[in-house]
Amino acid sequence: MEIFLQACVNGLLIGGFYSLMGMGQNIIFGVMKIINFCHGEMLMIGMYLTFVFNTYLGLDPYLSIPLVVIVMFALGALIQHTLITPSLGTKSFTNLLFLTVGLGMLFQNLALVIFSPNYRTITTSYSTKTLSLGPVTMSLPKMISFIGLIIVTVALFWFLRYTPTGKKIRAVSQNPIGAEVVGINAKRIYIITYGLGCALAGIAGALLTLFYMVYPMVGASFSFKALIVVVVGGFGSIQGAFFAGIFLGLLETLSSLIVGPTYRDLTVFVTFIVILVVRQMIKLRRR
Amino acid sequence: MLEVKGICSGYGHVQIIWDASFVVNDGEVVAILGSNGAGKTTLVRTITGMIRPWSGSVVFNGDELAGKNSRNILDHGIVQVPEGRQLFTEMSVYENLEMGAYSKETKAKLGESLEFVYKWFPKLRERKNQAAGTLSGGEQQMVAVGRALIGLPRLLILDEPSLGLAPNIVDDILSVAHSMAKEQGISVILVEQDITKALRVADRGYVVENGKITLEGTSEELESNEHVKKAYLGI
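Sequence lines, in order, name chains A and B.
Numbering follows the numbering used here, with no gaps: position 189 of the first sequence is 189.
Numbering follows the numbering used here, with no gaps: position 119 of the second sequence is 119.
Just chain A, with the same shape it has in the complex (with noise of 0.2 angstroms):
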């Protein structure tokens, strides 16, 4: 039972990464229809960043997130607005493919040339403390990074629901004629769009950077994730990424914990599979 319980803490934990990842894409597919496939490479940067400034200003970790959000969200505006808004117009799926693939590459190589291939630690004073809660036992980190994945997700949906630019960016997703009729500027909330979208993943890239090592392709599983998230969840839907993720998470920790780490990635794909099929089946009886 104590394992159980702490399996499922560790799955909430790494199931509020895939939240993450997943709803910054479906905030980007939402608005722009694009997978942004360089997602994970978003995360990967976060993560060096967080290594810098903890390395080289001795910045604590979770203190230089404000600093992440910021270059993160800087970064993907300019890649929006200097890349991607251009190739929206071509209307090419493929164009749009070739450019988000070929820049997660390309931040995978610089990463390469400039950190070399080694794998990355951070540690703090805090590191190795941990924390009991009744029969679950958490390292201070990850407790910390859970609280902090709880923050910036209530805060998303806050920012989504209730705010003037959440509104528009629900908007234009939802309907972009009716967007236009009342005047919104498609192109400032691309760019919003795509720099909140980094800066969330730069965000999950800051509260991971403690307990787990960052190299240059450490995106890549992540990018996978964020995408079976986005595919189970709903494209488009940011609740729906939310439960997906989440449930992700659970399921990895709790199969490797019932039938073994060698199965995991097994029962996670089929059970995907199982979901996708019945739920397409549903709608078909539905229809």
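Hints listed in this document are in silico derivations from the structure and should not be mistaken for laboratory results.
Hints are all accurate, no fakes.
Capping the alpha-carbon separation at 27 angstroms, the derived lysine-lysine pairs in DSS-like fashion look like this: (1) B/128 with A/167; (2) A/187 with B/68; (3) A/167 with B/109; (4) A/167 with B/119; (5) B/197 with B/182; (6) A/167 with B/104; (7) B/212 with B/5; (8) B/107 with A/187; (9) B/107 with A/167; (10) B/68 with A/91; (11) B/104 with A/187; (12) A/167 with B/68; (13) A/167 with B/123.
Far from chain A, some chain B residues (derived; all Cβ distances over 12 angstroms): (14) 3; (15) 62; (16) 67; (17) 115; (18) 128; (19) 172; (20) 194; (21) 221.
It should be emphasised that the depicted structure is a prediction, and the values quoted were computed from it without experimental measurement.
Positions of the beta carbon are idealized from the N, C-alpha and C atoms, including for glycine.
Following the hints, complete the assembly by docking chain B onto the known chain A.
Showing chain B alone in chain A's frame:
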């Protein structure tokens, strides 16, 4: 007053509108009539800046609007209820109406305008927390009209408000358009396929065929015109 002169426009290399000219006076309801594919919606999109005219001029109360973007044109008080309503289906009715307040001025008057809209469409007050996509077609059209009214229009353009609605609801929407013009002094352009209904509320009308304005006149003149009778009224 809106003065459109010699507008040509289209999509890509395909020209849809050929040398269209018309006038809408203050407080007047002008119908733009024509069958499916005649170019009515393209004409609306050109006037509202959603597509740029290739040539010609659009002058509204003395300001040249041709070539300006849709936000600029909204700022001049030209607000449209687009074809197919184009609501934000997953947002509540209230949020949809709120989105209609695009500028500082309209935001400041939001409370007042909301009361105005609820007065005309009391149903929207009852449904204000419901997602717009769950409403009936007629109620959705009311939201679309309401959203436009929140933008405090000086010229209101209704693009095919009758599309897919029950006849009595069409009458309601059209009578609201008529009252806007006659009581509030808002000019109204009514783009319609349903010529009989449109001419009942309009002062004047223009007939669009293959992207060209082929006929114009008062509602009575158009109703008794032989060509209109044959081609559109089926008499």
